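Protein chains: 2
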Amino acid sequence: MDQLLLPGKETWIPCANHKQVAACIKHMNVRGAPAIGCVAAYGLALAAQEKKFSSTQALITYLNSAKATLAATRPTAVNLFWALERMKGFFSGDSVKEIQETLEREAINIFEEDLAANRRMGELGAELFPQNAVILTHCNTGSLATSGWGTALGVIRTAYEQGKVKKVLVDETRPYLQGARLTAWELKKDGIPYELITDNMAAHMMKTEKVDAAIVGSDRISAQGDVANKIGTYGVAVLCKYHNIPFYAAAPTSTIDLKMSEGRNIPIEERSVKEVTHIRGSAIAPAGTVARHPAFDVTPRELVTAIITEKGVARPPSAASIAALFQTHAPKQAALAAI
Amino acid sequence: MDQLLLPGKETWIPCANHKQVAACIKHMNVRGAPAIGCVAAYGLALAAQEKKFSSTQALITYLNSAKATLAATRPTAVNLFWALERMKGFFSGDSVKEIQETLEREAINIFEEDLAANRRMGELGAELFPQNAVILTHCNTGSLATSGWGTALGVIRTAYEQGKVKKVLVDETRPYLQGARLTAWELKKDGIPYELITDNMAAHMMKTEKVDAAIVGSDRISAQGDVANKIGTYGVAVLCKYHNIPFYAAAPTSTIDLKMSEGRNIPIEERSVKEVTHIRGSAIAPAGTVARHPAFDVTPRELVTAIITEKGVARPPSAASIAALFQTHAPKQAALAAI
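Sequences listed follow chains A and B, in order.
Terminal number for the first sequence in the working numbering: 339, no gaps in between.
Terminal number for the second sequence in the working numbering: 339, no gaps in between.
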């Protein structure tokens, strides 16, 4: 679904080849770290089938080229690279047909595992919320950002099903307005009570009204538990610290980059400043305005109360608590069995 | 000048009577606490001349009604009420003509005193900045928000004249985008280097780049030094505290409400939520979205490094340091003499 047109229009973009998939990722028709991973995997499955190949070697050469194209779309979300590497593990086989079928099956696996992970995160995260909770969230982390259900918004959904959520405060999330356009759209569809606020109202709400927790997704989590996420997340975390409000991140373990120890080394995508100086094509600043557009920021682990994954909760986040998530697969298997 | 059309169009709205003036204040064609005070004073001077009066009593009755109309426009900025009360002190005289002339002269006095106060604040405030300073500001506090020059932006202007300002980080200031539309427009006209950011980028900038100070204006300051200002200001102050960056407010003493001890009692205007769900008439959220729109917030004095007024600097803000500003008129006289 073309997320750039939401909430005004619900339009699907059919993709006949991996280059169209790459363009959709680059231009943010699809966004959200787990969704990007799933879509990139399907992009490779599509690449394997989008033309005739005379040999397995010809196919593998083409796949490696397609993988490079898909990898060059967006730099911050690690799920993209994780999914592409996982797919690359199946760039071999006895026939073109076998490789094509294997890649299609693996893309489906990635999609289904993400969905199961979302459900499991929902269960683990909902336990952390009090009854009658007012929850603040930033950006969009729901069905649109994942294979379905959502990460942070998945936790909110599960908690709402359990009767624990009074209302959700939705940061509009400038400049792309993912909160106003996408999260509000998802919550409205689900009938979950919400209030839309501009990002700069969050502090006032925390001071003057009851806010029980903030929960966000992530585009990449370092091995020590630093959380890269949509620009504005770090500010929310500082405000939570000052107001003594728990700050949670929810993300599948595919978002954790064990090769990156410190969050400050995560590459931050700088997007076009026109996305700041213009809203829906209309200029909001004088012509020639110099603007900035870091699309993400990094919240250091000391501001994160806990990281919720499908394999368990790292609380507080640390190299040890993150490593422990990877030492047992039991919760993940349990989650898959529950589907 | 119609500030709602900036920066796209520079259009002036002629006002032939006080009701048109009141409408311009209410609909934010003119905004900024000191500017509202000046414009309201001219509104009363206009009311005295906008029709024929058979007696001084008929004029005074009409003036009291006009004063009530102008007072009912916006609740938070105290400069409005301060200017109206000051004008009311001249609702008497031996003839209709005398009252008309006195009110016109007093409106001009208020305007000229505000301009002198801005210049004096500029001098006092610029002393607080280091060399080569990167200064973050929120909302618009420049010529458009005052009689001219500006409060917080006036301090930045004076510091720039002194060669102390490297660049200004301009919060776009949702939902009305006063930063993107107005502050960027003023800085561009003056040739002062600036970078426009979305409000939620401020924390990231404070963490990853050099930010030497934040400075804002105010709509009302309590007797103890709590600062009501445009929504988002309180969040900036919390972020400054966390990053150990000085946070200044600049406002004329007409902004200080000595009758209001605690900032939490300052009335916060709730404006139409359509100003949040729509940008320039275009919906950014699903139809029926519940949104919030507190137009101001209150920054408690413990987060304010200093308050800069035309009568001196209250550092740190407290009942005592605020009261001291009113105990001597020397700096103000000096400022007036310097014009």
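Think of the hints as simulated: they come from the structure by calculation, not from any bench.
Computed from a prediction, not measured in an experiment: that's the story for all the values here.
By construction, the Cβ of each residue, glycine as well, lies at the ideal position given by its N, Cα and C atoms.
Where hints are given, some of them may not hold.
As the list claims (entries may be wrong) - Covered stretches of chain A, going by a simulated chain B footprint (3 or more residues, C-beta under 8 Å):
no., stretch
1, 169-180
2, 184-192
3, 224-234
4, 239-252
5, 275-283
6, 292-305
Stated by the list, open to error - Below, computed lysine-lysine pairings styled on DSSO-like, alpha-carbon distance capped at 27 Å:
no., chain 1, residue 1, chain 2, residue 2
7, B, K188, A, K241
8, B, K274, B, K9
9, A, K274, B, K188
10, B, K167, B, K189
11, A, K274, B, K166
12, B, K259, B, K166
13, B, K274, A, K274
14, A, K207, B, K9
15, B, K88, A, K274
16, B, K26, A, K274
17, B, K26, B, K51
18, A, K97, A, K9
19, A, K188, A, K9
20, A, K241, B, K241
21, B, K274, A, K167
22, A, K207, B, K274
23, B, K274, A, K189
24, B, K167, A, K274
25, B, K207, A, K274
26, A, K210, B, K241
27, B, K88, A, K207
28, B, K274, A, K166
29, B, K274, A, K210
30, A, K9, B, K274
31, A, K241, B, K210
32, A, K88, A, K26
33, A, K88, A, K52
34, B, K9, A, K274
35, B, K207, A, K259
36, A, K188, B, K274
37, B, K241, A, K207
Said to hold, decoys possible - From the structure, some residues in chain B lie toward chain A, with a derived Cβ separation under 10 Å:
no., residue
38, G8
39, S95
40, K97
To see whether the hints hold, each was checked on the structure:
no. : hint             : verdict
1   : 169-180          : holds (count 7)
2   : 184-192          : holds (count 3)
3   : 224-234          : holds (count 3)
4   : 239-252          : holds (count 3)
5   : 275-283          : holds (count 6)
6   : 292-305          : holds (count 3)
7   : B:K188 to A:K241 : violated (36 Å)
8   : B:K274 to B:K9   : holds (22 Å)
9   : A:K274 to B:K188 : holds (17 Å)
10  : B:K167 to B:K189 : holds (14 Å)
11  : A:K274 to B:K166 : holds (23 Å)
12  : B:K259 to B:K166 : violated (39 Å)
13  : B:K274 to A:K274 : holds (24 Å)
14  : A:K207 to B:K9   : violated (38 Å)
15  : B:K88 to A:K274  : violated (49 Å)
16  : B:K26 to A:K274  : violated (31 Å)
17  : B:K26 to B:K51   : holds (23 Å)
18  : A:K97 to A:K9    : violated (38 Å)
19  : A:K188 to A:K9   : holds (15 Å)
20  : A:K241 to B:K241 : holds (12 Å)
21  : B:K274 to A:K167 : holds (20 Å)
22  : A:K207 to B:K274 : holds (24 Å)
23  : B:K274 to A:K189 : holds (20 Å)
24  : B:K167 to A:K274 : holds (20 Å)
25  : B:K207 to A:K274 : holds (24 Å)
26  : A:K210 to B:K241 : holds (22 Å)
27  : B:K88 to A:K207  : violated (37 Å)
28  : B:K274 to A:K166 : holds (23 Å)
29  : B:K274 to A:K210 : holds (24 Å)
30  : A:K9 to B:K274   : holds (20 Å)
31  : A:K241 to B:K210 : holds (22 Å)
32  : A:K88 to A:K26   : holds (21 Å)
33  : A:K88 to A:K52   : holds (20 Å)
34  : B:K9 to A:K274   : holds (20 Å)
35  : B:K207 to A:K259 : holds (24 Å)
36  : A:K188 to B:K274 : holds (17 Å)
37  : B:K241 to A:K207 : holds (15 Å)
38  : G8               : holds (7 Å)
39  : S95              : violated (49 Å)
40  : K97              : violated (45 Å)
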